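Colleague: What follows is each chain in one-letter form.
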Amino acid sequence: MTVTAPPPATAAPERSASRAWRLLRAVPPIWLVLAAVIVLIAWRNPTFVEPAPFLAFLRRCAPLAVLAAGQVFVIIAGEFDLSVGALVTAVVVVAARLSDGDAGNTWWLIPLLLAGGALVGLVNGLVTTRLRVPSFIATLGMLLVLSGAVFLWSGGAPRGSLADNFRQFGRFGVEIPGLGQLPYAVLILVAIGVGLWLLLSHTRFGHQVYAAGGNPRAAGLSGVDVRRVRTAAFVISGLSAVVAGVLLGGFTGVTAEAGVGYEFQAIAAVVLGGAVLGGGRGSVGAALAGALTLQSVFTLLNLLGLAKSLRDAVQGLIIIGAAAYAAHRLRRSG
Amino acid sequence: MTTSTMSPSAPLRLAAPGTGSSSAPVWFVFGGVFAVAWLLVELNGGQFMTVDNLQNMAVRSVALGLVAVGQTIVLIGGSLDLSVAYMVSVTAVSASFVMQGDPDRMALGIAVTLALGVGVGLVNGLVITRLRINAFIATLGTSLVMSGILNALFTNFTGSVPREFQALGYNALGPVPVAVLLLLAVVALAWYTLRRTRFGYHLYAVGGSAEVARLSGVRTDRVVVTAHVLCSLTAVLTGLFLVSRLRSGAPWVGPDGGYDLESIAAAVVGGTALAGGRGTVAGTLAGVLILAVVDQVFNEFEVNAFLKTLIRGVIIVGAVALYALRNRRDEEVF
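Chains C and A supply the protein sequences, listed in that same order.
Okay, so the first sequence: first residue is 1 according to my numbering, each after it adds one.
Okay, so the second sequence: first residue is 1001 according to my numbering, each after it adds one.
Since the hints were made in silico from the structure, they are not lab data.
Among the hints, erroneous ones may be present.
[To be verified] Derived, one-sided and incomplete: chain C residues facing chain A with beta-carbon distance under 10 Å: (1) Phe136; (2) Val145; (3) Val271.
Computed from a prediction, not measured in an experiment: that's the story for all the values here.
All C-beta atoms in this analysis are idealised placements derived from N, C-alpha and C, irrespective of residue type, glycine included.
Please build the complete structure, drawing on both the sequences and the hints.
Modeller: As structure tokens, this is what we get:
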């Protein structure tokens, strides 16, 4: 049922239709789903696709999209990272206490947070690859350690506040004549998306990530240092969680629940993008599309007036449906 | 590097040929933890070996223990169930909603919850086996669906269970609480099922290698579905126990208890392999008791709740790292 060969004497319009169909099938399906959802939203609310509201929508997507772009490295390498939600919360709470509303603290605070995220990723990676603890458990442990440590340190509730020049990344943007405000968050998202896409799809390291997840034994025998590649994937995920935390802190402010549930949403976004848990398949672009789709579905359900709780239920059905479709495609392509 | 650890651990690992490792090392660890806890508390001037204390630890183990037994069954089969937390909530709420404090409706309430458990288990199992979705994503999806429906229908404590039903949570036969007897009965039943029935042997085979099991004539899909039904049923028992303690069910009782990740952690601390094919219910029971003893010591020393979370994370990862070290020779060589 893959591609039915057209009969020899087909009329011209029909042939071009089949070519369009084939072109359409080459596009990862998640982009088509995303387009369909956006069309639906625009039908209910035409202003949505005007520049300003659409950019605001992208800004809202940015934290999850950045998380998904980092998580996809770990998933392709054949592991899980359940610690990202706790890491996002940790970033927000730690930043608020250290920043303490003082703009002078921001320049050293962000590198410090990034270093912390890299360290968390490194520990996740080393515990998984050197101590041979399954990443599910290793990052679950990290989740508990992070959420315990952060609130132990801050005394149970977030204290302090974020300086304005720290919050600007998630809140403000550059004014562009005729277009309105282009949020920094969208610029950061585009930069990170392109950077990670290049890293995964156009570098030696990227190929090694696929190899490490697809068949670790074969990768190891052909000279890939699987443990190092997997550890690097965890570091990338940790760094992306820090960026997501900075954006989210700027956008929503300081709460103790900043990152709750983000680990599952990030994994869901990656799976929506066609990645397969177990490793070897996925891409940064599709993961980003997965995150945008998830967020746009929330927007759509909101527009349709569905309660928050029912949105969860629909999200669950969508995740199952997407995974079922990905599994179906995988089987058909052998 | 890996062959050097081969000979010392070989005799131990032969303890239970064909059906995974023995639970002896976990009980050994439990003995150590128990002794250290006893010593610490006595040195601190407290009393550890009191009937009250032991009862307290035992009852606290029941809620997690019941569902951890079910989680062990699905893990052995190479699957996983993240939906148990909301299964617990669904049970607690529907039991108290159906019973409405009327002793005559007790049987009806129990029947309804058991039917729901079978239904959810069937859905989980069928989604995983028929649609070929990774268990992590499938049960995350069903969990979201359950949470959405439950939160849309109920927002607070709903109905109540009759006083007679609370016997399950509060009565004791001599010094032994009824709930502890229930847990022991479930553990014994699960042990018998895993070690003495055809289903049990098939389950270990499917978890070890689904393809080999299938080629040897095992109906692998049926085994996985059955495992998921059993797992959901243990979550129902946890829900019934909790509602008998609380008198009324609310949608958050399951997720607040963290039964999804905690049950997996307990099983893994008890020596069950996340990859499937290896594990024992006795080991899981020891894992649950280890966590309960540690909790008891924390309470005795009035340890800060956040420090508790942190240490729990370290213990879970540490325990798994220890087993991984022991089983190193089984791991793939990179």
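Colleague: Could you work out which earlier hints the structure fails to respect and list their numbers in ascending sequence?
Modeller: none
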